[in-house]
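Peer 1: Protein chains in written order, with the working numbering: chain A, 15 to 310; chain B, 3 to 280.
No lab work stands behind these hints: they were computed from the structure.
Careful: at least some of the hints might be erroneous.
[Said to hold, decoys possible] In silico DSS-like links for lysine-lysine, alpha-carbon gap of 30 Å or less:
1. A:Lys117 to B:Lys267
2. B:Lys47 to A:Lys163
3. B:Lys7 to A:Lys117
4. A:Lys270 to B:Lys134
5. A:Lys73 to B:Lys131
6. A:Lys270 to A:Lys117
7. A:Lys117 to B:Lys12
8. A:Lys117 to B:Lys10
9. B:Lys134 to A:Lys244
10. A:Lys301 to B:Lys8
11. B:Lys8 to A:Lys117
[Said to hold, decoys possible] Quick list of the computed label-pair ranges, beta carbon to beta carbon:
12. A:Asn296 to B:Gly43: 47 to 53 Å
13. A:Arg114 to B:Pro169: 34 to 40 Å
14. A:Lys301 to B:Asn141: 43 to 49 Å
15. B:Gly238 to A:Gly158: 32 to 38 Å
16. B:Ile168 to A:Leu39: 26 to 32 Å
17. B:Pro193 to A:Leu39: 45 to 51 Å
18. A:Leu39 to B:Ile25: 46 to 52 Å
19. A:Leu39 to B:Gln59: 50 to 56 Å
20. B:Leu259 to A:Thr170: 34 to 40 Å
From the three backbone atoms N, C-alpha and C, an ideal C-beta is built for every residue, glycine too.
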Amino acid sequence: MLHQKKRGIDRTALAFIAPALILYLLFIIVPTVSSVYYSFTSWDGISPDIKFIGLANYKEIFTSARFGNALKNTIILTIFISILENVFALALAVLVDNVRWGKNFFRSAFYIPVLISGIVSGFIWKIMYNYNFGAINSILTQIGMGNFKQDWLGNTSLTLIMIGVVLVWKGAGYYMIIYLASLQSVSTDVIEAAEIDGASPWQRFRMITIPLISGAFTINFTLSLINGLKVFDQINVMTDGGPGFTSETLVYLLYKVGFTEGRQGFGTAVGIMLLFIIIILNTIQQKFLRSREVQL
Amino acid sequence: MRALKKPKAKDYLLLVVAIVLAIIFLYPVLFALMSAFKSNGDILKNPAGFPTSLYTQNFVDLFAMSDFSTAIINTVILTVVSELLIVCIVPLAAYAIERRKSRFTSFIYTFFLAGMMIPFHLYMFPLFKEMKTFGLFGNMLGPIVCYISGSVAFGTLLYCSFLNGIPLDIEEAAMIDGCSPFQTFWKVTFPLLGPCTGSMVILNGLNIWNDFLMPYLVLPSGRAKTITVEIASFVGQFTARWDIVFAGTIISIVPALIIFCMFQKYFVKGITAGAAKG
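Required output: the full structure, derived from the provided sequences and hints.
Peer 2: Right, dumping it as structure tokens:
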């Protein structure tokens with residue numbers, strides 16, 4: 015009865031979907047499509063006079079040093095976060111899966127940073143990184159490693175990495191949950207069979223567990239890349255894109271030119287570039303990583 | 003069988019590693035918690051140490067020097083109202099997609115899921131312009147409608163994967179007994195989706211509770227907005243009063259911690275179900 019295919023429009027289905035569809039169209043699709051239009055204009059966000067300027071914004075994107083710098087920062091930050099988040103998340107998942115006592119406690123402990131808002135986590139770490147009054151320098155002095163003291167966020171060669179550390183700390187627990195579910199679904203029979211055949215623990219992990227959790231790896235790597243591209247809150251509260259432009263990423267550039275420099279047309283063009291990057295990453299994920307997954 | 007074995011050296015080693023990592027992961031949270039109960043002088047003099055006494059003046063100052071109670075009320079309203087409306091709208095759409103399969107509904111499914119790729123930052127400028135025309139800019143309704151539309155993609159994914167595992171028999175029986183599709187959904191299927199609703203409300207509600215950019219830009223300025231927005235503005239405003247900011251961060255973190263401790267399994271279920279299909 016329920017699966018019967020009807021001719022014409024299924025009015026009931028339409029009625030059920032309509033509220034979600036209308037909101038989704040109005041507040042996501044319409045603004046997304048119109049941002050394509052605005053990216054060809056000199057819109058300043060205030061004046062109703064919106065001029066069509068063709069490809070000028072895109073020409074500026076490909077020639078301006080500021081965009082190049084933001085793109086470079088975004089790539090560094092995103093790759094740093096994605097690799098470390100996945101390394102930590104997998105290590106934590108293996109640890110939680112194998113630890114003999116307190117599994118639940120440890121799983122919660124590693125997940126708790128995920129609960130904290132971007133702004134709050136940024137503030138906490140900003141204070142910990144503080145040169146004179148921060149906990150990190152204070153601990154370094156106490157354990158006799160005072161010469162490692164740093165102006166963690168002010169040292170331009172470290173700024174991006176230090177922001178990345180906050181994001182890895184905050185994000186690893188989320189991906190750990192996904193790895194953990196995947197590890198727990200690997201059947202113990204297979205592992206025990208390999209054990210009987212004389213495979214070492216490392217061989218068992220490398221040859222059986224890793225291929226079987228490749229699905230979790232694909233999804234986690236894609237999610238962490240996309241989330242890395244969208245980082246905003248921590249940069250806002252920790253450095254505001256500085257010192258200079260050292261921590262200005264694409265999203266931050268977009269926000270700054272749009273809201274503080276009154277160039278929303280250019281800002282939306284930067285946003286379109288961001289969407290392109292996300293679509294390319296997704297395609298790579300579908301084509302490349304999915305094909306390497308193993309299923310039992 | 004394993005539980006009966008005697009603990010080996012390997013077990014102790016793993017435990018030590020786990021404890022060290024847990025300390026590293028929890029330290030920043032403890033740091034915030036401890037700093038909230040220290041005087042400002044104490045935070046500066048002894049940043050890494052424990053508070054000497056339970057100092058609560060920071061919280062008194064926080065509410066005296068800012069309109070933090072309004073921020074709390076606003077955050078609660080945004081989170082609760084959005085989630086209530088999401089629960090009325092999203093599962094209904096997912097039900098139609100999963101149970102009344104047709105070319106139309108499978109197109110809608112793909113169309114909704116594509117929304118997960120679109121970053122909010124891309125369309126925020128045109129969105130705000132549109133909100134101004136609808137009179138949604140500068141009041142609470144604006145963020146609420148955006149939170150609902152923003153939850154459609156993930157919510158549909160989650161509900162569809164849960165609906166997959168719910169047998170059709172009960173629904174068919176209800177239909178034969180004369181229930182309309184609408185009644186069948188709300189009276190028969192929806193109650194069975196409890197765990198899914200729990201997962202979605204918790205994961206999504208946490209995002210709203212912690213959101214910054216939307217309330218920061220959309221809610222009227224000159225008044226307190228939400229908890230995170232207030233904290234972000236304190237960072238610039240009270241540069242010399244970290245004690246007050248820390249008191250604010252605790253108010254932001256503690257409700258999330260309590261919800262997490264009470265409903266842990268919903269977090270795990272929601273994350274893994276979302277990942278399995280994404």
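Peer 1: The structure should be examined with respect to each hint, and the outcome stated for every one.
Peer 2: Hints versus structure:
1. A:Lys117 to B:Lys267: holds (14 Å)
2. B:Lys47 to A:Lys163: holds (16 Å)
3. B:Lys7 to A:Lys117: Roughly 17 Å between the alpha carbons, so the hint for lysine 7 of chain B and lysine 117 of chain A holds.
4. A:Lys270 to B:Lys134: holds (21 Å)
5. A:Lys73 to B:Lys131: holds (25 Å)
6. A:Lys270 to A:Lys117: violated (44 Å)
7. A:Lys117 to B:Lys12: holds (15 Å)
8. A:Lys117 to B:Lys10: holds (17 Å)
9. B:Lys134 to A:Lys244: Holds: lysine 134 of chain B and lysine 244 of chain A sit about 25 Å apart, inside 30 Å.
10. A:Lys301 to B:Lys8: violated (47 Å)
11. B:Lys8 to A:Lys117: holds (18 Å)
12. A:Asn296 to B:Gly43: 47 to 53 Å: holds (52 Å)
13. A:Arg114 to B:Pro169: 34 to 40 Å: holds (39 Å)
14. A:Lys301 to B:Asn141: 43 to 49 Å: holds (45 Å)
15. B:Gly238 to A:Gly158: 32 to 38 Å: holds (36 Å)
16. B:Ile168 to A:Leu39: 26 to 32 Å: holds (28 Å)
17. B:Pro193 to A:Leu39: 45 to 51 Å: For leucine 39 of chain A against proline 193 of chain B, whose Cβ atoms are near 30 Å apart, the range 45 to 51 Å is violated.
18. A:Leu39 to B:Ile25: 46 to 52 Å: holds (49 Å)
19. A:Leu39 to B:Gln59: 50 to 56 Å: For leucine 39 of chain A and glutamine 59 of chain B the Cβ distance comes to about 51 Å; the hint holds.
20. B:Leu259 to A:Thr170: 34 to 40 Å: At roughly 35 Å between Cβ atoms, threonine 170 of chain A and leucine 259 of chain B fall inside 34 to 40 Å, so the hint holds.
In summary, the numbered hints that this structure violates are 6, 10 and 17.
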